[in-house]
Amino acid sequence: MITVNNLTKRFGKLEVLRGISCHVAQKEVVVIIGPSGSGKSTFLRCLNRLEEATSGEIIIDGITVTDHKVDINLVRQEVGMVFQRFNLFPHMTALQNVALAPMKVRKYSKKDAEVLAMSLLTRVGLADKAHQYPEKLSGGQQQRVAIARALAMRPKIMLFDEPTSALDPEMVGEVLDVMRSLALEGMTMVIVSHEMGFAREVSDRIMFMDDGLILEEGTPEEFFQNPQNPRTQSFLSKIL
Amino acid sequence: MRFDDVFKYLPLLLQGTKITIQLTVVAVGCGTVIGLFVSLMRLSRFRPLSLIARCYTDFFRGTPLLTQILLFHYGIPPILGFNSFPAYISASITLSLNSGAYIAEIFRAGIQSIHRGQMEAARSLGMTYGQAMRYIILPQAFKRSIPPLGNEFIAMLKDSSLVSVISMPELMMSGKIIVGREYNAFETFIVVAFIYLIMTTTISQFVSYLERVFGKDDHGE
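As they're listed, the protein sequences go chains A and B.
Each residue of the first sequence is one higher than the last, beginning at 1 in the numbering used here.
Each residue of the second sequence is one higher than the last, beginning at 241 in the numbering used here.
Bound-form chain A, shown alone:
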């Protein structure tokens, strides 16, 4: 589903990604962990070209994303993204947030888009908040609306960029519950997260990134019980 070959990214002289290669299969759930500044978020943002790769190749669902002749908007329609700071549209209600892209990008009628939006809000447990503006919602509720908004495009892949890092602790669970149910339904997911319990429980594979490289990857069992790389061992010993 996603293939990455030797991806690099520089910001000026700073080399943030130093040659990343990996493959994510359909229906696979991959969690990327690592210290801050290791390039996890940048890597995720390169996948839908919110950041331009400096070199290397990204192929998503058979389309070479890094090729500039490709219409990136078509790729983005298939790749949902959820941000750390939610980024809901503050001038629209929850329902309008979710219904907008189906209407404007997929050209659904207003009615069809709102039916779809309502069903997705119901699914994330927020049907009763459909007509509230984001500022009236808690962080956890906002993030669930943001997930519904991304799902409204019926994406084949979902990217999560530290989706629970900006939340108060008591709201983390409700967001993880929604993500867990997505994983169970077979959504292909790439998640940057610090939630180790969640990673262990839900992921098929864990990647450890540090200093712009994937240093180690494996199933949660291998990864947590028997890490090979000294940096991984040191990182895990600090956080577990």
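Simulated from the structure, these hints should not be mistaken for lab results.
Possibly wrong hints are sitting among the right ones.
[As the list claims (entries may be wrong)] Taking lysine-lysine pairs in the DSBU-like style, the calculated list, with each CA pair at most 30 Å apart, reads: (1) A:K111 - B:K383; (2) A:K110 - A:K136; (3) B:K383 - A:K107; (4) A:K104 - B:K383.
No experiment lies behind these values; they were computed from the predicted model shown.
For chain A, the structure is supplied; the task is to place chain B on it using the hints.
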């Protein structure tokens, strides 16, 4: 002091007031449309477009409005092969272009004040840059621009008095006519000033009302 010599010209003053308001509405109205396009050009990644916008705003904000009015009214028509433009044409166009430059900067500041996560969220859903601007960025930026737009309206109302130099019969010109006939500069200009003051304080009340309504806004997230 003889204020009755002023008040017998009340119809003239009211006619001038009406034209002042009309000029200001036209200037700020056209200026808003101009400002929208110029601010988008200015933020364009295509260099020449942004450079043109930059030159435009720099010229109209960096030179005196009085110079612009005289240049346009007396300088431009001969070049284009006309004898002259009617004063109301010169006045409307010059004030609109001037207002457009200031409003472009108001919109630019408004657009740039929107958190970049908004653009990223919109683009990540597959919207084009234009769609993201139209549905996400501009509505929020416009809301934040309403109070400074109100201030621009007040500034333009006062600055429109400068077109009296090309004999545009607005409020200031009405005053000059009365003084020319009655030699009562103090009484007449005090009354003229007072009429401007009534208009500007009314609008500024309205602007602060708008600030209260739109001020307690989102937090741009």
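Problem set entry | Violated hints - listed by number, lowest first | Going through the list in order, the structure violates no hint and respects every one.
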